[in-house]
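Quick mapping for you: the protein sequence lines, in order, are chains B and F.
Quick note: the first sequence uses our numbering, first residue 25, plus one each step.
Quick note: the second sequence uses our numbering, first residue 25, plus one each step.
Treat the hints as calculated values from the structure; they're not laboratory data.
Keep in mind that the hints are not guaranteed to be accurate.
It does not matter which identical chain is meant; a pair holds if it fits inside one copy or across any two.
What the hints assert, rightly or not - In silico SDA-like cross-links for lysine to any residue, where the CA-CA straight-line distance does not exceed 20 Å:
id, residue 1, residue 2
1, K26, R375
2, K131, E257
3, K26, A307
4, K26, T57
5, K26, R48
6, K131, P247
7, K26, P40
8, K26, A118
9, K131, P210
10, K131, G58
11, K26, H386
These numbers come from a predicted model, not from an experiment.
Protein chains: 2
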Amino acid sequence: MKANALNFSGGPGALPESVLEQTRQAIEELPETGLSVLGMSHRSDWFRAILQEAENNLRALLGLSDDFAVTFLQGGSSLQFAMIPMNFATAVHARPEYVTSGYWSAKATAEAARVTACREAWNGRAGGFRQLPDLRALDIDRTAAYLHYVSNETVEGLQFPLFDEPPAVPLIADMSSDFLSRPLNPDAYSMIYAHAQKNLGPAGVTVAIIKRELLERVPDGLPVILDLRTHVEHGSNYNTPPVFAIYVLTLITRWLRDEIGGLAAMQAINARKATRLYQTLDALEGAVSLHADRPWRSQMNVAFGFGDPRLDAAFLAAAHERDMSGLEGHRSLGGLRASLYNAVSEQAVERLSEALTDFARHRA
Amino acid sequence: MKANALNFSGGPGALPESVLEQTRQAIEELPETGLSVLGMSHRSDWFRAILQEAENNLRALLGLSDDFAVTFLQGGSSLQFAMIPMNFATAVHARPEYVTSGYWSAKATAEAARVTACREAWNGRAGGFRQLPDLRALDIDRTAAYLHYVSNETVEGLQFPLFDEPPAVPLIADMSSDFLSRPLNPDAYSMIYAHAQKNLGPAGVTVAIIKRELLERVPDGLPVILDLRTHVEHGSNYNTPPVFAIYVLTLITRWLRDEIGGLAAMQAINARKATRLYQTLDALEGAVSLHADRPWRSQMNVAFGFGDPRLDAAFLAAAHERDMSGLEGHRSLGGLRASLYNAVSEQAVERLSEALTDFARHRA
Numbered sequence: 025m026k027a028n029a030l031n032f033s034g035g036p037g038a039l040p041e042s043v044l045e046q047t048r049q050a051i052e053e054l055p056e057t058g059l060s061v062l063g064m065s066h067r068s069d070w071f072r073a074i075l076q077e078a079e080n081n082l083r084a085l086l087g088l089s090d091d092f093a094v095t096f097l098q099g100g101s102s103l104q105f106a107m108i109p110m111n112f113a114t115a116v117h118a119r120p121e122y123v124t125s126g127y128w129s130a131k132a133t134a135e136a137a138r139v140t141a142c143r144e145a146w147n148g149r150a151g152g153f154r155q156l157p158d159l160r161a162l163d164i165d166r167t168a169a170y171l172h173y174v175s176n177e178t179v180e181g182l183q184f185p186l187f188d189e190p191p192a193v194p195l196i197a198d199m200s201s202d203f204l205s206r207p208l209n210p211d212a213y214s215m216i217y218a219h220a221q222k223n224l225g226p227a228g229v230t231v232a233i234i235k236r237e238l239l240e241r242v243p244d245g246l247p248v249i250l251d252l253r254t255h256v257e258h259g260s261n262y263n264t265p266p267v268f269a270i271y272v273l274t275l276i277t278r279w280l281r282d283e284i285g286g287l288a289a290m291q292a293i294n295a296r297k298a299t300r301l302y303q304t305l306d307a308l309e310g311a312v313s314l315h316a317d318r319p320w321r322s323q324m325n326v327a328f329g330f331g332d333p334r335l336d337a338a339f340l341a342a343a344h345e346r347d348m349s350g351l352e353g354h355r356s357l358g359g360l361r362a363s364l365y366n367a368v369s370e371q372a373v374e375r376l377s378e379a380l381t382d383f384a385r386h387r388a
Numbered sequence: 025m026k027a028n029a030l031n032f033s034g035g036p037g038a039l040p041e042s043v044l045e046q047t048r049q050a051i052e053e054l055p056e057t058g059l060s061v062l063g064m065s066h067r068s069d070w071f072r073a074i075l076q077e078a079e080n081n082l083r084a085l086l087g088l089s090d091d092f093a094v095t096f097l098q099g100g101s102s103l104q105f106a107m108i109p110m111n112f113a114t115a116v117h118a119r120p121e122y123v124t125s126g127y128w129s130a131k132a133t134a135e136a137a138r139v140t141a142c143r144e145a146w147n148g149r150a151g152g153f154r155q156l157p158d159l160r161a162l163d164i165d166r167t168a169a170y171l172h173y174v175s176n177e178t179v180e181g182l183q184f185p186l187f188d189e190p191p192a193v194p195l196i197a198d199m200s201s202d203f204l205s206r207p208l209n210p211d212a213y214s215m216i217y218a219h220a221q222k223n224l225g226p227a228g229v230t231v232a233i234i235k236r237e238l239l240e241r242v243p244d245g246l247p248v249i250l251d252l253r254t255h256v257e258h259g260s261n262y263n264t265p266p267v268f269a270i271y272v273l274t275l276i277t278r279w280l281r282d283e284i285g286g287l288a289a290m291q292a293i294n295a296r297k298a299t300r301l302y303q304t305l306d307a308l309e310g311a312v313s314l315h316a317d318r319p320w321r322s323q324m325n326v327a328f329g330f331g332d333p334r335l336d337a338a339f340l341a342a343a344h345e346r347d348m349s350g351l352e353g354h355r356s357l358g359g360l361r362a363s364l365y366n367a368v369s370e371q372a373v374e375r376l377s378e379a380l381t382d383f384a385r386h387r388a
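Turn these sequences into a full structure, and let the hints guide you.
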């Protein structure tokens, strides 16, 4: 297998080979325009059609009704951590609730606290961020502006189960690391957002799906660029958008629809990949330890280790010899991490499982 | 000539052919890593080296001392329009001064006015945005937080002359559409910023060059992501940066250094291009009119027209037949516009001049 196909990075990470091939061609010359994608104006008819297709494909994949606006932003989830309380924690709808369940949600909570008074509905730090709460059982103030959580903790490898029923307050989910990995019920949410690059396209674009009734709450007087209504009203073309990243995102939505067959099919593949890797790691129990407790194991990010930094480093070297990359743990946690995003194939996970078993047999 | 080389778009616009060729290769496989550039982690040694090289190359091209920090941001100039007053208009240093000289600076002034009390030092609307003021002769409050201006008005085709002496208050310049087109004296400025994609790389990255003493004024309590110190202190890697756009930007700085030979050489080429096109248009006086008054004609963007929308449309069609694109005027002004960014060659301008002369002879 090519090295690109054996990239287990937490992100930016692997993209589908067919998308890379089309992108390479588009750098030279787009079939539709005869120009490089890097030279296309964001005001061109071609780019307007790409924006529309990206939105349409996301609507079809996720089953979004017209109750939702779909918009493409810059600045990553980190900018949304500030913009969400600026836009939705108002005089009328105040004190949002935040679930702190790992590295990324802790950042979301801390940034919100700089913008507005908010309340921590749950914090898993005392348990080492190895468990997740049942969102339905949390003691939430029913007058809170919204409840914010991160659906998949990329660093710790924790993933919430799907959420089906609308909760008592508007639910806002950062799905950066499991967006488009499985179907969901959009009507349970008031806002879903996800930055690339995990399953979505090159770093530099963030998708936000926002219930239109939530947008009615945005207070006047925000800087225009930080007002989410600006981007919705201008069809994600208020200022120059990241044209290239949105183009590749569009190719990825085509790949999901045409080559994979939709999110249910994607979920089945992702479930087989995760099952294969967790079975391998469970079989190595004693030599290998997993960070997440079993009920909350993520299908996207598997944080684990051999319990000794020298062994972890030796495994990274052994994996490197087999063309595998991106297996270092996040700098905040150390150890190892395998990210199984949509573009990582079952064959790649098979290779990784073999490498782990071989290594544990001979070295660990 | 290839169509990519005849792209006169106001941006995103043309990139150098050798940069496109290296980018195409990098999508498949970076020579340094064996992985696609789109799969490279922002925490990889490779990307750290790219960030460092991008900064070093900009420092060398512009002659920046260590008094300046160099950082790479998302959100375009439009986000800086809000962040600059948030960061630098403080209780101690208040009421910044804004020069409104065209479409883009009007946006900067309006956004600043939403963030803080500010003063309009000059407004050229009554003159139809065809002239520019002498910045040195403006009546500026010497206690103002800063003076903000846009060095080149992309829409109207107006360009300020170079500014050599530090003014009475910190000078902040949006150089989005003429950055790296000519040498400058950085010590005249407290902050210079420029978004791609004009001369700089693909849309989605913004360069900010900030005097370190100005950063000492930033008030505490801003959202972390909107505090310019965050991005400086984290070496532009606080959150996932637009890896691909920064990579291409680095290739462009190499091209400027190695193939062009630096900014003085770039300026000489740009001056020849602008002279050739303006001579052509002046020779067609009567048939063609230019938007900008002569002393403020931009070397980067030439806004003009045949004085009749049908003739302008006919010229666009004639240009299209010769593989030229991007010559439509900005939607706010109509007419035609030729952008002569760094990657537009002298040969391309020659072709455009011929097309204009031929058209005027036979149709206008």
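Status of each hint after checking the structure:
1. K26 with R375: This pair counts as within: shortest intra-copy Cα distance 12 Å, inter-copy 44 Å.
2. K131 with E257: So K131 and E257 pass the 20 Å test across copies only (17 Å; inside, 29 Å).
3. K26 with A307: neither (28 Å within a copy, 58 Å between copies)
4. K26 with T57: between (31 Å within a copy, 12 Å between copies)
5. K26 with R48: both (16 Å within a copy, 17 Å between copies)
6. K131 with P247: between (23 Å within a copy, 11 Å between copies)
7. K26 with P40: For K26 and P40, only the intra-copy Cα distance (12 Å) is at most 20 Å; the inter-copy one is 30 Å.
8. K26 with A118: neither (51 Å within a copy, 57 Å between copies)
9. K131 with P210: neither (25 Å within a copy, 36 Å between copies)
10. K131 with G58: neither (44 Å within a copy, 33 Å between copies)
11. K26 with H386: neither (25 Å within a copy, 57 Å between copies)
Of the hints listed earlier, those the structure fails to meet are numbers 3, 8, 9, 10 and 11, in rising order.
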